[in-house]
Amino acid sequence: MKTEQEKEQATIEVNGQKHITGAEALLECLIEEGVDTIFGYPGGAIMPVYDKLMDYEDRLNHILTRHEQGAAHAAQAYAMVTGRPGICFATSGPGATNLVTGIANAFLDSVPVVFITAQVASSLIGTDAFQETDIIGVSMPITKWNCQVKKSHEIPDTIAKAFYIAKSGRPGPVLIDITKDAQLEKLNFKYKKCDYIRSYNPHIPLHTKAIESAAIMINHAERPLILAGHGILISGAEDELKAFAEKTGIPVASTLLGLSGFPSSHRLFTGMLGMHGNYGPNLLTNEADLIIAIGMRFDDRVTGNLKKYAKKATIIHIEIDEAEINKNVVVDVEINNDAKEALKYLIPLVKENSFEKWIREFRICDKTEYEKVIKPETIPEKGEIRMGEVVSRISEMTKGEAIIITDVGQNQMVAARYYKFNHPNSLVTSGGMGTMGFGLPAGLGAKIGRPDKQVITFVGDGGIQMTIQELGTIFQYNVPVKIIILNNNFLGMVRQWQDMFFDKRYASTELVNPDFVMISKAYSIPAKKVSKREDLNSSLQEMLASEGPYLLDIAIEKEGNVFPMVEPGASVSEIRLTY
Amino acid sequence: MKQEFTISLFTEDHIGILGQITIILTRRQINIDSVTASESAVTGVQLLTIVVITTDEMIQKVARQMEKLVDVMKVFVHTSDQIIYQEIALFKISTKGLMSGNVIDHIVRDHHARILEVSPEYIVLEKTGHKTEITELLAQLEPYGILQFARSGRVAITKQVKELNSYLKEMDEANRFKTEPTLN
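As they're listed, the protein sequences go chains A and B. Per this note's numbering, residue 1 is the first one in the first sequence, and the count goes up by one each step. Per this note's numbering, residue 1 is the first one in the second sequence, and the count goes up by one each step.
Hints are computed from structural coordinates only; laboratory data are not their basis. Keep in mind that a hint or two might mislead.
Said to hold, decoys possible - Ranges between beta-carbon positions, derived for each pair: (1) A/Tyr477 with B/Gln29: 45 to 53 Å; (2) A/Asp195 with B/Gln148: 33 to 41 Å; (3) B/Gly16 with A/His423: 38 to 46 Å.
Here a beta-carbon is modelled for each residue, glycine too, at the ideal position from N, C-alpha and C.
Next comes chain A alone, as it looks inside the complex (with noise of 0.2 Å):
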């Protein structure tokens, strides 16, 4: 007589393929595709996967938020630090509704995560079930690619798409959501990686004609000027980047999200691009004759208004993305390339140069930013502590090396601001959209991905209360993530905007705070307030060497304003340095 389990062993092996269930096969491609680490939160629908995810406990380690909104941030941060896709379980309804703001997240800034949502089993569907959502046709416009999977044998293909959908091209996340009766349905079980889709070419043969005339205008270009984008970082063009712009001399600004992809000390680095960005590449946005746009996509953020935006630049644009090529702006020269690919094609092309009376006028710019703004936001010398100050202390303390992940608003652009990095893919942030309460679970992904690296989370004490409950997860796990609240009792940068443009009317932005020190420590997570500017430093120091999580909540002036800043409907150049 054979055992239960020896029948099971028996069925299991036929013509080498594994005669397994949907939701085995599931774990199986992630196996396969290199995942080792998930973010998520079980439910009904889902169930025959979390079971089988007991038996895969040696292979991949499944990280359980509070909330499927955390899962879906933190899985983004992990693809940001780590180069591979994040991947992200929810379960079918209000599981896969609380994925929205995170899928929408990851695609507005083209980080590849792979949600896997479950569904109501396949009979169900259409009828209004016990949390059945359409989450196909609620996630069509926020993922690059999202697919049904109503049968046990279509899983292991669909996995395979998604993933090289997600990984190729212009990244971004893909949902598959897998009903409940392809969980438990058997398959044989044969997983082959996909490389090609026929509807699908993200390997765009190299444009050498246009690079070529980039290349002529380059070279006869009197005040170029380069804007480097997130797509540097996605493409590995760092060194290519570096090495383009220390040949031809020409000065480089980056977006926010194109952030250490060129290293902030760089002598041929000139600031960050945008409303807050610095004063320099903003005002001579304007004074350019030549723009090498490199994967970036002229966000209005970064523009400002468009019918004055950089109207004495021929503009070239080199964006992997044919969609965002004239989307904003008309530009002169279209390279519809990887950044990476292009780049090392044009060097070579390009002449060695220098435009130092070019660059002096950025010195110039930097000077008056320092005394107007830099200065007595990261050395004031009275007055209650500055967010400013904070971020300073910390890239001075960390010396660049650390990962920095933001919230949004004054936390965020004073934290990208005044950070210096040193190493690509060391701040994360949400960019596009700009999503409050993306921060505390962004650090805790991040820290994940990169256990190595120090991570510290700037949050405001608005944006931390979205997603507060992931203190949670982080106490579980034990993740060394360092939580800095920059706390002024306000949304400060709706309060910014309240005092600047709405008559100081500061309609629903004052929040009265819980006690954040007691929160962290009901989790066992250390923590410590600090109001005095002398308690500053050695708080700093004391929450970095510390071993574990560790928060501090800063009190912070209570109505700082960040500058610079073009306001919106404004020109890059009509950027105002005070209030």
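Since the structure of chain A is provided, determine the placement of chain B on it from the hints.
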């Protein structure tokens, strides 16, 4: 300036593809004038023909966004002078109304319409042509009592020589041209 464009999309035969395409038009506040969907000459490849009225600048943007969709193979945008196109309409008219005098004969001849069915109660006419021609016929038949009227969306053939098959071949070749993976 706004004008009429015919968008021809060759897509995989997947559920939801029309939804993905209309979302792009909806976001840009472009109304769909007509839409037809059917299998193309290539088995497994769907052909969608969408007529919209918008600006040249906007049509280029939405066409690129449509082509970006994973399941869309190729998007062509044409102005009316670049294509040969037709619509089809069916008219059900009361026999009594139409048989008074010899109007039916004239109308059918003048409009190159066809009689599909005659019964004591009704006559069914078929007319293919441009939208304006169908609208004209509709107006002429109106006094005789139209019981039912249905018109199709536009179907179109391009005047250009290059065919979908050659694009498919090109896409295949481009895929083989893989240099190196884009994500490290």
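Results for each hint:
1. A/Tyr477 with B/Gln29: 45 to 53 Å: holds (46 Å)
2. A/Asp195 with B/Gln148: 33 to 41 Å: violated (52 Å)
3. B/Gly16 with A/His423: 38 to 46 Å: holds (41 Å)
In the structure shown, a violation is registered for the earlier hint numbered 2 alone.
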